Amino acid sequence: MNVLEVKNLRKSFEDNIVLNDLSLTVPDHTATVLIGASGSGKSTLLRCINLLDTIDDGSIYLDGKEISDPEINVDEVRKGLGMVFQSFNLFPHMSVLDNITLSPIRVHKVSKAQARDEAMTLLRRFDLADKADQYPDRLSGGQQQRVAIIRSIAVKPRLLLLDEVTSALDPVLVNEVLSIVRDLKADGMAMVLATHEMGFATQVADEVCFLKDGNIIERGPASQVISAPQEAETKDFLRRVHEAGRL
Amino acid sequence: MNNDSPARDDSGRALSWTPSQRELERQASRKAIGRKKALIATLSSVIVIGSLIRLIITSPGWQSVKDTFFDWSYGGEVLGAVAKGLVVNIRLTIIAAILIGIFAMILALLRTSRSAALTPFRLMATAYVDIFRGVPLLLVILLIGFGVPALRIEGLTNSVLILGTTAVVLTYSAYVAEVIRSGILSIHPSQRAAARSLGLSSSQTMRHVVLPQALKRVVPPLLNDLVALLKDTGLVSILGVTDAVRAAQIASSRTFNYTPYVTAAILFLLITIPLTRYTDRVLAKSIKRQNAQGAA
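If you read the sequences in order, they're chains A and B.
The opening residue of the first sequence carries number 0 in numbering that gives the first Met the number 0; numbering runs sequentially from there.
The opening residue of the second sequence carries number 0 in numbering that gives the first Met the number 0; numbering runs sequentially from there.
Don't read these hints as lab results, they were simulated from the structure.
The model shown is predicted, which means the values in this text are computed figures rather than measured ones.
Glycine included, C-beta positions come from ideal geometry on N, C-alpha and C.
Keep in mind that the hints are not guaranteed to be accurate.
What the hints assert, rightly or not - Estimated spans, in silico, between C-beta atoms of each pair: (1) Ser181(B) to Asp27(A): 45 to 51 Å; (2) Gly187(A) to Leu282(B): 47 to 53 Å; (3) Leu184(B) to Phe12(A): 20 to 26 Å; (4) Ser94(A) to Asn157(B): 50 to 56 Å; (5) Pro170(A) to Arg29(B): 37 to 43 Å; (6) Thr120(A) to Arg29(B): 54 to 60 Å; (7) Trp16(B) to Gly187(A): 53 to 59 Å.
Claimed, not checked - From chain A, some residues computed to sit far from chain B (all C-beta separations above 10 Å): (8) Ile16; (9) Ser22; (10) Tyr60; (11) Asp116; (12) Lys130; (13) Gly198; (14) Thr201; (15) Gln202; (16) Ile215; (17) Ser222; (18) Gln223.
Excised from the complex, chain B in its bound form (with noise of 0.2 Å):
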């Protein structure tokens, strides 16, 4: 469609022109529009916020809770510690993923298989997925974390951190498998009739065809799970693995202070709150690709 002569159009007529009176009108009606409501919308914010800020610093416990939760000298002595139990947060975050990927995609797969072998394992998957979707993450984790080893089976780990990880992988693999599932049945069937016909087999139907296009819708349902994710990683200090709310744990009961409790907060915003932006980001573009794909 480009032409080569970019000042032009197919049939020769300039493509720049001069605004007219009435465009400069509207436009500059436009600005007026605009700063009316930049003002209205800081006015509204300054007296929403302002009046929340002020029921809390005048409430009649502000000061010892000023003392208690935001001690800041003491928030940055504990910081050391926090961080180092973040990055036990980050690890083990990242090791999930990459296990609860893979399970989740095997689970997802066998859900929507139709082969007659795969049969028990579908149901096994179907069952699974009720179960670990059904139960809270924290019951999990102590259930792993307590039960599997009063087994005492000969060989497996007592090391919490890998309890607790499986705990996490379990439950989180149940929604992963879900959101690509649902991304998979969201596939239109004359996709799959169009791949049948050319002569593909269900399984490189599902591969090449299927599969491809599903991952890319589900990632940004994927990348808000790997949020979740990251936060409920914490949960595995309830086992005693030290991670950051465990460390402000121990920091705050040394000195009956909570800020180590915000410290650990803040951190993890500091990690969550970019990916939830980048997710968001993700989002939008992969609505506006999709609208662009509806409208061609």
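Isolated chain A, as found in the complex (with noise of 0.2 Å):
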């Protein structure tokens, strides 16, 4: 069963093509990393699933189900979908607690008790249960991309859709994200990650796709498109990569 399916995807803001008849697939309970560039459409590809930005032409597919349809719910749909992005986007105004029970509890329908027994189980599972009351701006990068991560995941969502979640973190702080999203993945979450960090591809990607101008242009498991690239443009990108002291 495959959770997400993308079919011919494009997507320009005004002359600039961003996505260029793109197609991905995801099966549940794998993990598809997008690498490539700044500017390659990784971040747009992630938006457009999460219908934060309206396609152009092709067509997405959650469970089976035609997402990309203007007739569709979108608050229906994002109930399915947790995004967490590069620059965590917590709510200043709100503890971290209330951060992640706001959605269980004003769409979900979820009782207070319920939603605050389970951030609680989430925040204590990846210790950050005493920073529960604190509000965002008292806590590091790593510990807001992790609250964010957490509030995402708190609806339970059928596919997580992470964009550059360590780009605004020093090396430190980096790992500690990456060890939660590690954590999911062992949980058996679907998720699509755009990436910069090539070594935590490799260890949780089922596939991984090199994007470039708009396009895929060489998908396989990390054993391949990471350590054995086949293509010109593969090769080319991750020896940047590498000169950049990021492999």
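Need the complex rebuilt from these two chains, each delivered in its own frame; the hints are there to steer you.
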């Protein structure tokens, strides 16, 4: 069973073609990792899947249901999707606990007590229980991003979208965020993630997709795409990543 | 970050120390610079303000101005009446502020909404704001104060106090709606994206995520508007409402002495200056808080 199917997706911003006839399939319980230079279309693809951007052509299916239909209730679709952003985007006027329980209580109509219980369980699991009543600006970047991830999984999504979740963090904090993602992968959470961390991509990816100019140039298991790339463009990209010390 | 033993840092180095000779010299020199600056500030103030006062006091008409505007014994005599008028201004301000808050919020939400069903209301709200921001308050007060009773609609009030307040509310709602709207627009789109991606509807996003942050941001400018509102309630005196301005007018026309106006001005200042200082403090605090957030 495929959680997500993207078929022939096209998206432009004015004259700039960002996604060019891109197709992607994500089976349940698997992690698909998008790699590629900035501007290759990774973030736009994730935003299109989450219906934050309207697509120009093609179609997107979530659990076999077309979500790119304009008639669809976007709020319903998003109930099944979790999204984590590069810049965390926690709500600064709410405590950590309120950030996490907002959607369960308001959207999923879970009782306050139950939402709190479940949030605390997640916070305890990821060593953040002592931060429950803190406000986001009191937390380190790594802690903020971990809270953002917890917030997105608190609604038990079918698919988690992670958009360069470690790009705003220093190397020490990157690890604490990645270890959460590893744990979620181990739980069987289906996810699509864009990242520049090749080592991490190798660890979690069931499939790695290399994007360039809005299309997937090369795809396959990490052992192939990252360790033994076939395409010249993939090789070139990985060489530059390597030179930047990120491999 | 706080260590339990305050005198040492994480690596065990002592955190208290005796200042070095160089540091003591620096402190002394900073003090000397501070004294010099204070001296310059005092001298310049004395010269500028002193010459202004001298200019006024030595002017040919000063003696008559002093008698007609600054007759303190007469000022004391009318103080009670003017203060009683000021109570009207304060009451009017409080009632108007509440109504303005509600009305302006509705206008701002209409103007920022994207709902198709609300389109006619959005257009009306835009037209409303355009009109009432563009017409002088005094004109609105005159038009409503004299126009509405002329309609002679049964059951509609003829009370100048209510009509005056209505005019103030109508005009200020347009201003305040724009302040609130700018606050809503100032919230970064990523906040909205985060809320929507959690499945919140657009009205839930507005209520739980955007509005709470926006309102916090516009508190300082709204306090400014509150000060302006208090002063502008004086304009309803033109309809014959016995507020502080009208009370002063009555008192001064009786004796052709203008001291009651000065009395009224001083009474207004007694309220507006502390309120303005408070506004500045709130503003300074919010700038500090936002900078701290930006740094984080």
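Hint-by-hint comparison with the structure:
1. Ser181(B) to Asp27(A): 45 to 51 Å: holds, 46 Å
2. Gly187(A) to Leu282(B): 47 to 53 Å: holds, 51 Å
3. Leu184(B) to Phe12(A): 20 to 26 Å: holds, 21 Å
4. Ser94(A) to Asn157(B): 50 to 56 Å: Holds, at about 53 Å.
5. Pro170(A) to Arg29(B): 37 to 43 Å: holds, 40 Å
6. Thr120(A) to Arg29(B): 54 to 60 Å: Once the Cβ atoms are compared, 55 Å apart, the range 54 to 60 Å for Arg29(B) and Thr120(A) holds.
7. Trp16(B) to Gly187(A): 53 to 59 Å: holds, 56 Å
8. Ile16: Label holds. Min Cβ-Cβ 22 Å, cutoff 10 Å.
9. Ser22: holds, 23 Å
10. Tyr60: holds, 19 Å
11. Asp116: At roughly 19 Å from the nearest Cβ of chain B, Asp116(A) sits farther out than 10 Å, so the non-interface label holds.
12. Lys130: holds, 14 Å
13. Gly198: Given that every Cβ of chain B is farther than 10 Å from that of Gly198(A), nearest at about 28 Å, it holds.
14. Thr201: At roughly 28 Å from the nearest Cβ of chain B, Thr201(A) sits farther out than 10 Å, so the non-interface label holds.
15. Gln202: Correct as stated: the minimum Cβ-Cβ distance to chain B is 26 Å, above 10 Å.
16. Ile215: For Ile215(A), whose nearest Cβ neighbour in chain B is about 23 Å away, the distance exceeds 10 Å, so it holds.
17. Ser222: Label holds. Min Cβ-Cβ 32 Å, cutoff 10 Å.
18. Gln223: holds, 32 Å
In this structure, every one of the numbered hints holds.
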